[in-house]
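Model the placement of chain F on the given structure of chain A, informed by the hints.
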Amino acid sequence: MTTHLGVMILFAACVSTVFGTLLREQPRDQVRVGGRIFVSLVGGAYALGWLMFLVFG
Amino acid sequence: MPASGATGSGSSAGATTSTETSDRALRACLAAWLVPGAGHLLLGQRRKGGIFFVVLSVMFVIGLAFGGRLFPFQMQEPLVFLAAVAEWLQLLPRIIAGVGGLGQGDVVAVTYEYGNTFLIVAGLLNALVVLDVFDRARGRTRS
Numbered sequence: 005m006t007t008h009l010g011v012m013i014l015f016a017a018c019v020s021t022v023f024g025t026l027l028r029e030q031p032r033d034q035v036r037v038g039g040r041i042f043v044s045l046v047g048g049a050y051a052l053g054w055l056m057f058l059v060f061g
Numbered sequence: 144m145p146a147s148g149a150t151g152s153g154s155s156a157g158a159t160t161s162t163e164t165s166d167r168a169l170r171a172c173l174a175a176w177l178v179p180g181a182g183h184l185l186l187g188q189r190r191k192g193g194i195f196f197v198v199l200s201v202m203f204v205i206g207l208a209f210g211g212r213l214f215p216f217q218m219q220e221p222l223v224f225l226a227a228v229a230e231w232l233q234l235l236p237r238i239i240a241g242v243g244g245l246g247q248g249d250v251v252a253v254t255y256e257y258g259n260t261f262l263i264v265a266g267l268l269n270a271l272v273v274l275d276v277f278d279r280a281r282g283r284t285r286s
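Residue numbers (this note's numbering), protein chains in the order written: chain A, 5 to 61; chain F, 144 to 286.
Next up, chain A with everything else stripped away, as it sits in the complex (with noise of 0.2 Å):
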């Protein structure tokens, strides 16, 4: 778990579910708006990387 993606992958679903919970009253919509908010940091963090590695690496 403590591989660069590992702890990314552990801060995204403890971020999102923080704040799928704050932002929703129905679980319902908790879990939508917390995968949302999960994929989007764990998508956007992988594409970022992608990007860095082609224009830099």
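These are calculated hints, taken from the structure and not from any lab test. Even glycine gets a Cβ: it sits at the ideal position worked out from N, Cα and C. Mixed in with the good hints there might be a few duds.
[As the list claims (entries may be wrong)] Sample of chain F residues with no beta-carbon within 10 Å of chain A, all distances over it, derived: (1) V223; (2) I238; (3) V250; (4) A265.
[Unchecked claim] Residues on chain A that point at chain F, a partial pick, calculated with CB under 10 Å: (5) L26; (6) E29; (7) P31; (8) Q34; (9) S44; (10) W54.
Showing chain F alone in chain A's frame:
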């Protein structure tokens, strides 16, 4: 005359209600600052309170386990000062970790910066939780 008396009484009752609401908000905010999720528990939102307690506590513990540092209030180093402020936004976990001698900061650990990030972000997220508690205690909820 009765109308005037009723107005005065209503105004007094309104002031009392406002004071009670402020006290309730203050108590809930202090509880939320002290223990993550405690503010929501006080307001009767057990599920939300439980989620905040578990997630924010886990983030704090992970930060310590990763070798993160509990920063001191150093005015000479603005970023260190801000990191310290963020970490103190979770009061009880920060005090327990400090008293327990944890959070010395393992600078050579691969996960040192990750640990700091978890500790700092856990505190900042708790600040958002405290603000949410304040809004709810004052009756301002998201529709």
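Taking the hints in turn, this is what the structure says about them:
Here V223 of chain F stays apart from chain A, with its beta-carbon at least about 21 Å from theirs, past the 10 Å limit. Non-interface status of I238 of chain F relative to chain A is upheld: no Cβ of that chain comes within 10 Å, the nearest being about 22 Å off. Under the 10 Å C-beta cut-off, the non-interface status given to V250 of chain F relative to chain A holds; the minimum distance is some 16 Å. Under the 10 Å C-beta cut-off, the non-interface status given to A265 of chain F relative to chain A is violated; the minimum distance is some 8 Å.
A hinted interface residue such as L26 of chain A counts as satisfied when its beta carbon comes closer than 10 Å to some beta carbon of chain F; here the least separation is about 6 Å, so the hint holds. Below 10 Å, beta-carbon pairs count as interface contacts, and E29 of chain A has one with chain F at about 7 Å; its hint therefore holds. Given hint, P31 of chain A at the interface with chain F, holds; its Cβ is 8 Å from that chain's nearest Cβ, closer than 10 Å. For Q34 of chain A, the interface hint holds, since its Cβ comes within 10 Å of a Cβ in chain F; the closest pair sits about 9 Å apart.
Evaluation of the S44 of chain A hint against chain F yields a violated restraint, the C-beta minimum of about 16 Å exceeding 10 Å. Given the 10 Å rule on beta carbons, the hint for W54 of chain A is violated: about 21 Å separates it from the nearest Cβ of chain F.
In summary, the structure is inconsistent with hints 4, 9, 10 from the numbered list given earlier, while agreeing with the others.
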